[in-house]
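Given chain A, put chain B in place with the hints provided.
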Amino acid sequence: GAGVSQSPSNKVTEKGKDVELRCDPISGHTALYWYRQRLGQGLEFLIYFQGNSAPDKSGLPSDRFSAERTGESVSTLTIQRTQQEDSAVYLCASSLSWTGTDTQYFGPGTRLTVL
Amino acid sequence: EDQVTQSPEALRLQEGESSSLNCSYTVSGLRGLFWYRQDPGKGPEFLFTLYSAGEEKEKERLKATLTKKESFLHITAPKPEDSATYLCAVRLPNTGNQFYFGTGTSLTVIP
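The listed protein sequences derive, respectively, from chains A and B.
With our numbering as the guide, the letters of the first sequence map in order to residues 20 to 134.
With our numbering as the guide, the letters of the second sequence map in order to residues -9 to 101.
Don't read these hints as lab results, they were simulated from the structure.
Check the hints yourself; a few may be wrong.
What the hints assert, rightly or not - Quick list of the computed label-pair ranges, beta carbon to beta carbon:
1) Asp82/A - Ala67/B: 31 to 37 Å
2) Gln(-7)/B - Arg130/A: 23 to 29 Å
3) Gln103/A - Gln(-7)/B: 24 to 30 Å
4) Lys34/A - Glu71/B: 36 to 42 Å
5) Ala0/B - Ser24/A: 28 to 34 Å
6) Pro(-2)/B - Thr132/A: 28 to 34 Å
7) Glu7/B - Asp37/A: 45 to 51 Å
8) Ser26/A - Tyr41/B: 31 to 37 Å
9) Lys47/B - Ser106/A: 31 to 37 Å
Stated by the list, open to error - Negatives, chain B to chain A, calculated, CB over 10 Å:
10) Leu3
11) Gly6
12) Ser8
13) Ser9
14) Thr16
15) Lys32
16) Glu48
17) Lys49
18) Thr55
19) Lys59
20) Glu60
21) Ser73
22) Thr93
23) Gly94
24) Ile100
25) Pro101
For glycine and all other residues, C-beta sits at the position ideal for the given N, C-alpha and C.
Chain A extracted, bound-state conformation:
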């Protein structure tokens, strides 16, 4: 079976432009997470979705960041008016359920570079 996939793998953009990152979770996984990983730093929680429940957006760093997920399928993370400090690898993970005890499976990430 396919794992978590993310696209694009790399994205270079100019400061001030909007970007959209995509995550395809493992089929049947109800929970989906977005993380940011800056160079030399640990993973930073951004947001998580569980089925049709309201997402936990408490990790989003500013109102320029937003994410959507339709049901238990694809999720998109949008960053508006990108800044240089947004440069990082954005990782998506999915797990079978929301309990948090289930294993999170990560995608390969999208490397975002803001010039």
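What follows is chain B alone, placed relative to chain A:
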């Protein structure tokens, strides 16, 4: 205040030289401690989950242990293919499904 601290930041071992990586946490009511391996340019790969002090889990040359304040990832007779960054994460109480990750230990095993 840092919730999760990993040490050392980097570790170089000769092939066959056993060692341990440390993950310490400063919270109570832990709802799971997770170990991941991350290769360059890839997402983290799950290794172990530990839930209670005294618990141990093994996989090939790796063994993870948990106490009330820290976890160790023991690597026995490592091979060059064990070279990677090892991340630990904790799931904290009363934070829904937020996982807090350490900054990782970069392990290099020299042939």
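Since Ser73/B was said not to touch the interface, does its Cβ keep a gap of more than 10 Å from each Cβ of chain A?
-> Check passes; 17 Å lies beyond 10 Å.
Would the least Cβ to Cβ distance between Leu3/B and chain A come out above 10 Å?
-> holds (21 Å)
With d taken as the least Cβ-Cβ distance between Thr55/B and chain A, does d exceed 10 Å?
-> Fine: 19 Å to the nearest Cβ keeps Thr55/B off the interface.
Mind checking the hinted window 36 to 42 Å against the Cβ distance between Lys34/A and Glu71/B?
-> Given range 36 to 42 Å: holds, Cβ gap about 40 Å.
In terms of Cβ atoms, is chain A entirely out of 10 Å range of Glu60/B?
-> holds (16 Å)
Take a look at whether the Cβ-Cβ distance between Asp82/A and Ala67/B falls inside 31 to 37 Å.
-> violated (51 Å)
Minimum Cβ-Cβ distance from Lys49/B to chain A exceeds 10 Å | With a cut-off of 10 Å, Lys49/B remains clear of chain A, as the shortest Cβ separation is near 13 Å.
Interface exclusion of Pro101/B relative to chain A, criterion Cβ beyond 10 Å = Non-interface label stands for Pro101/B: nearest chain A Cβ at 26 Å, farther than 10 Å.
Return holds or violated for the Cβ distance of Ala0/B and Ser24/A against the range 28 to 34 Å.
-> holds (31 Å)
Regarding Pro(-2)/B and Thr132/A, is the given constraint of 28 to 34 Å on their beta-carbon distance met?
-> holds (29 Å)
Take a look at whether the Cβ-Cβ distance between Glu7/B and Asp37/A falls inside 45 to 51 Å.
-> holds (49 Å)
For Gln(-7)/B and Arg130/A, compare the CB-CB distance with the range 23 to 29 Å and indicate the outcome.
-> holds (26 Å)
This entry does not satisfy hints 1, 15, 22 and 23, going by the numbered hints stated previously.
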